[in-house]
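Asks: Make the full structure from the sequences, and use the hints.
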Amino acid sequence: MNWSAMGDAFPSVIAAFFKVTLVSTVVGTAVAAALGLVWAILGRSRTRWVTVPVKVVVEFIRSTPLMIQLFALWVLLGSLPTEVIGIAMLGIHFSTYMSEVYRAGIDAVPRGQWEAATALSLPRSHTWRAVILPQAVRNVLPGLGNYAIAMFKYTPFLSVIGVGEMVRTAQDYGSNHFEYPPVFTLCGLIFLAASYPTSLAMRKLEKRLGH
Amino acid sequence: MDTFFHQLDLVLPRFWSGVWLTVEATLLGGALAFVLSFVLGLMLRSETLVLRGLARFVVEFFRGTSIFVQLFFLFYALPGLGFQLAPLFCGVLAFGLNYGAYGAEIVRGSINSIPAPQWEAGVALNMTAGQRMRRVILPQAWARMIPQFTNLLIQLLKDTPLLSLILMADVTYVMQQVRQASGNSIAAYGLVLLVYLVLAYLLTLIMNLLEMQAKAKLGEGRGVRGLFTARTAPGGAGSPGGEGVVGP
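Sequence order for the protein chains is A and B.
For what it's worth, our numbering labels the leading residue of the first sequence as 1, then goes sequentially.
For what it's worth, our numbering labels the leading residue of the second sequence as 1001, then goes sequentially.
Everything labelled a hint here was simulated from the structure, so no lab data went into it.
Since the structure is predicted, the reported quantities are computational estimates derived from the model, not experimental observations.
C-beta atoms are modelled at their ideal positions from N, C-alpha and C, and glycine is treated no differently.
Just so you know, not all the hints are guaranteed correct.
Unchecked claim - Some chain B residues judged to face chain A by a derived CB distance under 7 angstroms, without partners named:
| # | residue |
| --- | --- |
| 1 | 1068 |
| 2 | 1144 |
| 3 | 1192 |
| 4 | 1193 |
Replies: Written out as structure tokens, the structure is:
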């Protein structure tokens, strides 16, 4: 076994990490955070015609595998670049988890806040923007952060539709040089180096926000 | 659509064996994860620094590296180091280790969440440490663990399509073949999504039954109503979704 392959593979693997894996995580998180909020707000709508379909869609997406969803979206939107499809599906999939974080965070805003907004006869959109959401944000930040880290570790799934992310790049190097152990070890170490400090930071944030 | 059902009909026995493989991998991986959760979870609470440190290292290692990398390492890299494992064994091992690490935090967190007076009452009744754990703490902690274990189990089920990447004929793999043979991708992926949805629902139902039984033992039964509750927040404390010890 030639462990120096780890060093030889490093430049291309780390380049794929920054260019694809990290970008997918950041953009995917932004999509998931935005869409998750949409699900959560629609889920609190007053009409069942909105809440029931939203619930069904969210439940369906979070109960089925990301990998199959990636394949399905790829088939539906085949003309788009695979990176775009991958990031979109990653964002949609994790938005269903994040909507639950938002729901809990919004529920934790005291009822009196809603009542006060009603007493001041604030319009509903204004109540959301100026009263509820600013208070809910501190409740949801640690949860969203944790899902961002989880999403990071699910980016290798994008390789199934041909996105050249970090693990795919490492695998290609490994199969070209018959050196699988060093390159997969390298991937594991990069994941660990990136996700462990971040999850420690999240835990600290959780404590500071008083959870 | 006709060609799709024709092709599906041709591989129907393999379709069912694919579904079974998915279920088998989920249950075996889940069983290994369950055992590891308790071993590592109790080690995390140990007063011996070495045990605690070892468990902490294992938990952080398997939570910090992706399941994808772990499975590929076991399947592609281990043979290069002189160990060749059967594909199903690779899958079960990767799922067990990864989810066992997440489960350990659930076990630790649930036991820690039992109020101190419960421990003190055990001491007051002159119970041994083992009796206290088995008869007072664990039955209560167990009821709190189940909903979180349910989330982990569903998450594990949703990771089993990875098996198709190491060339195992699970339901995803079989449906990929039906898709290629029939040319009807939408129907193929639609059906396979449905299969996972049904499996996820069945597993949730079974876990809800377990939870009902655990709560009934504590005198907190909610009757059959509890059976049909949906899962709560996916990935609360310690699950792949929520990294932190405390859930959102």
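Asks: Work down the list of hints and note, for each, if the structure agrees.
Replies: Cross-check of the supplied hints:
| no. | hint | result |
| --- | --- | --- |
| 1 | 1068 | holds (4 angstroms) |
| 2 | 1144 | violated (17 angstroms) |
| 3 | 1192 | holds (6 angstroms) |
| 4 | 1193 | holds (5 angstroms) |
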